[in-house]
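Could you build all of it, start to finish, from the sequences and the hints given here?
2 protein chains.
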Amino acid sequence: MSRPKPLSGFPEFLPSGRIAELAVLDIVRSTFELHGFAPIETRAVEPLDQLSRKGEIDKEIYVARRLHADAGDADELGLHFDLTVPFARYVLENAGHLAFPLRRYQIQKVWRGERPQEGRYREFTQADIDIVGQAALAAHHDVEIPLVAIDVFEKLHRDLGLPPVTLHVNNRKLSEGFYRGLGIEDTAAVLQRVDKLDKIGADAVRALLTDEVGLSAAQAAACVDLAGISAADESFVERVRALGVQHELLDTGLEELAALIRVARRSVPDRVVVDLKIARGLDYYTGTVYETFLQGSEKLGSVASGGRYDSLASDGKTTFPGVGYSFGITRILAPLIGKGKLTASRSVPSAVLVAVDNEEAREQAIAVASQLRGRGIPVEVAPKADKFGKQIRYAERRGIPYVWFGAGYDDSVKDIRTGEQQPASPADWAPPAQDLKPTVAGA
Amino acid sequence: MSRPKPLSGFPEFLPSGRIAELAVLDIVRSTFELHGFAPIETRAVEPLDQLSRKGEIDKEIYVARRLHADAGDADELGLHFDLTVPFARYVLENAGHLAFPLRRYQIQKVWRGERPQEGRYREFTQADIDIVGQAALAAHHDVEIPLVAIDVFEKLHRDLGLPPVTLHVNNRKLSEGFYRGLGIEDTAAVLQRVDKLDKIGADAVRALLTDEVGLSAAQAAACVDLAGISAADESFVERVRALGVQHELLDTGLEELAALIRVARRSVPDRVVVDLKIARGLDYYTGTVYETFLQGSEKLGSVASGGRYDSLASDGKTTFPGVGYSFGITRILAPLIGKGKLTASRSVPSAVLVAVDNEEAREQAIAVASQLRGRGIPVEVAPKADKFGKQIRYAERRGIPYVWFGAGYDDSVKDIRTGEQQPASPADWAPPAQDLKPTVAGA
Numbered sequence: 001m002s003r004p005k006p007l008s009g010f011p012e013f014l015p016s017g018r019i020a021e022l023a024v025l026d027i028v029r030s031t032f033e034l035h036g037f038a039p040i041e042t043r044a045v046e047p048l049d050q051l052s053r054k055g056e057i058d059k060e061i062y063v064a065r066r067l068h069a070d071a072g073d074a075d076e077l078g079l080h081f082d083l084t085v086p087f088a089r090y091v092l093e094n095a096g097h098l099a100f101p102l103r104r105y106q107i108q109k110v111w112r113g114e115r116p117q118e119g120r121y122r123e124f125t126q127a128d129i130d131i132v133g134q135a136a137l138a139a140h141h142d143v144e145i146p147l148v149a150i151d152v153f154e155k156l157h158r159d160l161g162l163p164p165v166t167l168h169v170n171n172r173k174l175s176e177g178f179y180r181g182l183g184i185e186d187t188a189a190v191l192q193r194v195d196k197l198d199k200i201g202a203d204a205v206r207a208l209l210t211d212e213v214g215l216s217a218a219q220a221a222a223c224v225d226l227a228g229i230s231a232a233d234e235s236f237v238e239r240v241r242a243l244g245v246q247h248e249l250l251d252t253g254l255e256e257l258a259a260l261i262r263v264a265r266r267s268v269p270d271r272v273v274v275d276l277k278i279a280r281g282l283d284y285y286t287g288t289v290y291e292t293f294l295q296g297s298e299k300l301g302s303v304a305s306g307g308r309y310d311s312l313a314s315d316g317k318t319t320f321p322g323v324g325y326s327f328g329i330t331r332i333l334a335p336l337i338g339k340g341k342l343t344a345s346r347s348v349p350s351a352v353l354v355a356v357d358n359e360e361a362r363e364q365a366i367a368v369a370s371q372l373r374g375r376g377i378p379v380e381v382a383p384k385a386d387k388f389g390k391q392i393r394y395a396e397r398r399g400i401p402y403v404w405f406g407a408g409y410d411d412s413v414k415d416i417r418t419g420e421q422q423p424a425s426p427a428d429w430a431p432p433a434q435d436l437k438p439t440v441a442g443a
Numbered sequence: 001m002s003r004p005k006p007l008s009g010f011p012e013f014l015p016s017g018r019i020a021e022l023a024v025l026d027i028v029r030s031t032f033e034l035h036g037f038a039p040i041e042t043r044a045v046e047p048l049d050q051l052s053r054k055g056e057i058d059k060e061i062y063v064a065r066r067l068h069a070d071a072g073d074a075d076e077l078g079l080h081f082d083l084t085v086p087f088a089r090y091v092l093e094n095a096g097h098l099a100f101p102l103r104r105y106q107i108q109k110v111w112r113g114e115r116p117q118e119g120r121y122r123e124f125t126q127a128d129i130d131i132v133g134q135a136a137l138a139a140h141h142d143v144e145i146p147l148v149a150i151d152v153f154e155k156l157h158r159d160l161g162l163p164p165v166t167l168h169v170n171n172r173k174l175s176e177g178f179y180r181g182l183g184i185e186d187t188a189a190v191l192q193r194v195d196k197l198d199k200i201g202a203d204a205v206r207a208l209l210t211d212e213v214g215l216s217a218a219q220a221a222a223c224v225d226l227a228g229i230s231a232a233d234e235s236f237v238e239r240v241r242a243l244g245v246q247h248e249l250l251d252t253g254l255e256e257l258a259a260l261i262r263v264a265r266r267s268v269p270d271r272v273v274v275d276l277k278i279a280r281g282l283d284y285y286t287g288t289v290y291e292t293f294l295q296g297s298e299k300l301g302s303v304a305s306g307g308r309y310d311s312l313a314s315d316g317k318t319t320f321p322g323v324g325y326s327f328g329i330t331r332i333l334a335p336l337i338g339k340g341k342l343t344a345s346r347s348v349p350s351a352v353l354v355a356v357d358n359e360e361a362r363e364q365a366i367a368v369a370s371q372l373r374g375r376g377i378p379v380e381v382a383p384k385a386d387k388f389g390k391q392i393r394y395a396e397r398r399g400i401p402y403v404w405f406g407a408g409y410d411d412s413v414k415d416i417r418t419g420e421q422q423p424a425s426p427a428d429w430a431p432p433a434q435d436l437k438p439t440v441a442g443a
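Note that the protein sequences, when read in sequence, are chains D and E. In terms of UniProt numbering, the first sequence opens at residue 1 and continues consecutively. In terms of UniProt numbering, the second sequence opens at residue 1 and continues consecutively.
I should point out that these hints are in silico values taken from the structure, not numbers from a laboratory. Be a bit skeptical, because a hint or two may be false.
[To be verified] Listed next, the in silico BS3-like pairs over lysine-lysine satisfying Cα-Cα at most 27 Å (straight line):
#, chain 1, residue 1, chain 2, residue 2
1, E, K299, E, K109
2, D, K341, D, K109
3, E, K437, E, K384
4, E, K437, D, K437
5, D, K5, E, K109
6, E, K299, E, K341
7, D, K155, E, K437
8, D, K109, E, K5
9, E, K317, D, K390
10, D, K341, D, K155
11, D, K437, E, K155
[What the hints assert, rightly or not] To be clear about the criterion: a stretch of chain D counts as covered by chain E if any three or more of its residues have a C-beta under 8 Å from a C-beta of chain E, and this derived list gives those stretches:
#, region
12, 104 to 118
13, 352 to 366
14, 381 to 391
[To be verified] Per label pair, the in silico range of CB-to-CB distance:
#, chain 1, residue 1, chain 2, residue 2, range
15, D, S345, E, Y284, 27 to 37 Å
16, E, Q434, D, A95, 28 to 38 Å
17, E, G296, D, P164, 47 to 57 Å
18, D, A202, E, P47, 40 to 50 Å
19, E, D211, D, K384, 41 to 51 Å
Note that the Cβ used here is the ideal one computed from N, Cα and C, for glycine as well.
So, in C-alpha cells, the structure goes:
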C-alpha cells in the first residue's frame, strides 16, 4: 500500500493536535456540566425521510446503505447533518422518561456532503446545549444560554489561550415587531435581505427591500436603520425607540433583549453586543438569536450560534419549545491546530519515562511505573534497554519531561530540560502539577 | 410527527445511562493515558476499496454516499467497521510525523451492517490501544498490553461495580510450533477447527481434524490435548512439554507466554489464565492473543480482545508490526445499562438547585449559582419561581441532592435526602466529595 492521501473535508490531527482538541472538549464538557446540562448521545443515522424534510439541505446529506443490502431492507438511513434533528427525535421518542425542562448537551460528529473549502468540512464536531420545555419554556432561559457560551469561551481564552470572542445577539420579536409596526406583512422576506447587510452594504439592501419586497423608500430606510444599531448595553432601546415605531411584539423583543444584555454585561463585560442586523438564516428561530465571532478571525464567520425556537418537535398533542447554542468545535480548532496556533507541550500523556538498563531489569521498571501510575502519574517504560543518552533522546522526541533511572535498585529522576537529577522514591515522588499532563496553549 | 421508534441495532441511552457510559469512558481514557498512550481520532469514513479488502467482512460495510452525488465524484466511501483499518492507514499517511514505537489509543464509534441480535450492534463504541513499531517491536510489549487491559477492568470493577473479568491468553507461535512439531503443515486449518472446541466439543473437533484436515488420529488427539490445557501460572509449560512435542517456534511461544503469565500474576492475581484453546478468528495475529470474559456473563462471548500482528501496515519498504487490545464498550455496557444493572445516582450533573422565590430575585439566584460554579460545583437555577415544595420536587425528580434557598439575602442549603437545612455562604459552602458529581454503580 503506497502512502495514502488525506480526504479533503475530513480533517484529522496528529496526536499532539488531538491532545489539544481533547483539552478543549474537556473544558466544554465540564462547563456544560457545571451549568447542569446532562449528556446524551444519539446514533449517527436517522431515517432519510426525517433528515430530508428541510428542502434546502437535502443535497448535503450522506446516505448510509449496507453494501449488500437485502431487497426487503427497512427504510433508508442518512448520517445526521446537525445535532438538532436527532435531538428532536430523541425528545419525542423518550418524552415519557425525561424530566422537563430538559437541559442536555451533546458533543458529536456530524456530516455534510458540502464542497470542501476553507472553513467548510464534510465531517466535523459540534457541541450543542439546549433547554427544552414541554408546552412552555420561560423567557429567562434565553438569557441563561449565552452566559453558558461566554463561560465556555472565557475559559478557553484564559486556560488555553484561544482568541477571545464577541457574542452578537438580536431578537426576532424585536425585528418582526418593528417591521409590523411599519405595516410590513412579509417580515421573513425583510429579514432575509437584511441578513445580507454585511456582504452587500446598506444601499444594496435598501434597493432589495424596495425592488424585491415592495417596501416604500421610508420603510426600507427604517429597516436598514434598525439593522445598523448595535450597543454593548441597554442604550440600544432608546435608539430603537427614537426610530418612532410602535408595536406590541417590538416591546416584548426590546424587553427580552435588554434583560439579556443587562445580565450578560454584569457577568462578563465587553463580550456581548446587541447587534440588530443578526438574523440567522434558518427560519425556525422565533426569539433571541446568537452568533459568535473569534476576535481577529471574524472572516471565519460565526463559530457558534443558536437561538430560541417555539417548536423543536411536536407529537401532535404537545409542542416542545426550546433555546440552544451550537459550538462549531472543528470550525474553531481545525485552523488553529492545523497552523500550529494551538499545540500541546508534548505528543504523549507520559510525564515520566522509566529507563531500562538491561532487559533483566525490565520487571523492576514495570513495578516502578505501576507504583507511579497508582498515584496518578502518567508513565511509560522504555521500549528498549539502552544507553543513558538514547533514553534521554527517546523522551526528548516526545516531550516527556522526566526520565527515571535505576528503577528498583538506585532510583533517581532527571528533569531532562534542566539536567537536574536527584534520588527519588516511587512511593512519594511526583512531578510539579504543571508537568503532570501535557499543557495546551495558543500561540 | 408521531412517536418515533428505536432503530434496531443502534442503542441509545437516557441521560442517566449516558452519564454511566461517560464514567466508564473516563476511566478507560485516563487509564490509557496513565500508561502513556496518546490519543488519535480518525475520520468515520475510509475509501471503500480499502475497507473491502478483507473479503470476509465486506457484507457488513455501510457505504456513505452523498444523496445528490455528482457524476465526477471521487472514490466511494464506507463507514469504518473497526479502528484497526483506519489506524493502519493513519500510520502510513503520517509515518514521517510520528515517533515509533507509537503508543496510541482511540475511542470511537464503528458501524457494521450485521443482522441485529442480542449482543450484536450496527453502531457501537470501541476503545483500542496499540503499540506499533517501525520494522520491529520487542516481545515484552505483548506482556505490557494485557496489564493495561487488567488495569482498566480492575478499576471498572472497583470504582463502578462492573463484573470482574478473566483474561484468557494464548500464543499462536506456541500452537503453530506444536502443530509443526507434529509434522502438520496447514496450521491455520487446525487452528480454525480448534477454535470450535467450546461450541462442538473435543470429539467433534478430533473428527474434523482427521476428516477435513487429514491429520492422523494421534496428531488430532495431541492437538485437542494441547487445546485442553489451561493454567493460572507457569505450570502450563510442563504440561505442554509432557505432550512430548519439539519445535523451535513452540519454545519461543512457551517462553513468551510464560513471561506474560509470570508478570501478570504478580500484578493482579487470579485475573489472567493461560488458555491454549484461544485462537482468535482473524488470521492476522502472529503471536500472543487475548480474549476477555465478564465473570457471570461468559455467554456474551469475549468483550475485549486483541493480540500481536507482524504487519499492521506496510508501505512496500517498511512494515509496522504491533500489538493491541480492543475493548467492546457498547457490548459491555448496553446490556448492563439497558437492564438497569449500571446506573447513575442522578440524571443530571447538578449537585445543587438554586431556588427562586419570585422572578425579581432570579438575578440574585444566578449570581449565587455562578459563585458556586466558580468553585467547581455543578449548579442549576430553578426554571420557575415557585413554592418551597415544588422546588424540592423538581430536585427530587432529577436526583439533585441539595436545594439552595434565599439566594443573595438569606442563604441556606438543604440536603433534601435528610431534610437537614443550614445557613451557607456561596463563597465557601461545598457538598461532600461524594455528592459533587453523579456516582455510577453496578447493581
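Taking the hints in turn, this is what the structure says about them:
no.: 1; hint: E:K299 to E:K109; in the structure: holds (24 Å)
no.: 2; hint: D:K341 to D:K109; in the structure: holds (23 Å)
no.: 3; hint: E:K437 to E:K384; in the structure: holds (24 Å)
no.: 4; hint: E:K437 to D:K437; in the structure: holds (22 Å)
no.: 5; hint: D:K5 to E:K109; in the structure: holds (23 Å)
no.: 6; hint: E:K299 to E:K341; in the structure: holds (17 Å)
no.: 7; hint: D:K155 to E:K437; in the structure: holds (20 Å)
no.: 8; hint: D:K109 to E:K5; in the structure: holds (23 Å)
no.: 9; hint: E:K317 to D:K390; in the structure: holds (25 Å)
no.: 10; hint: D:K341 to D:K155; in the structure: holds (17 Å)
no.: 11; hint: D:K437 to E:K155; in the structure: holds (20 Å)
no.: 12; hint: 104 to 118; in the structure: holds (count 4)
no.: 13; hint: 352 to 366; in the structure: holds (count 4)
no.: 14; hint: 381 to 391; in the structure: holds (count 3)
no.: 15; hint: D:S345 to E:Y284: 27 to 37 Å; in the structure: holds (36 Å)
no.: 16; hint: E:Q434 to D:A95: 28 to 38 Å; in the structure: holds (32 Å)
no.: 17; hint: E:G296 to D:P164: 47 to 57 Å; in the structure: holds (53 Å)
no.: 18; hint: D:A202 to E:P47: 40 to 50 Å; in the structure: holds (49 Å)
no.: 19; hint: E:D211 to D:K384: 41 to 51 Å; in the structure: holds (48 Å)
Of the numbered hints stated above, none is contradicted by the structure.
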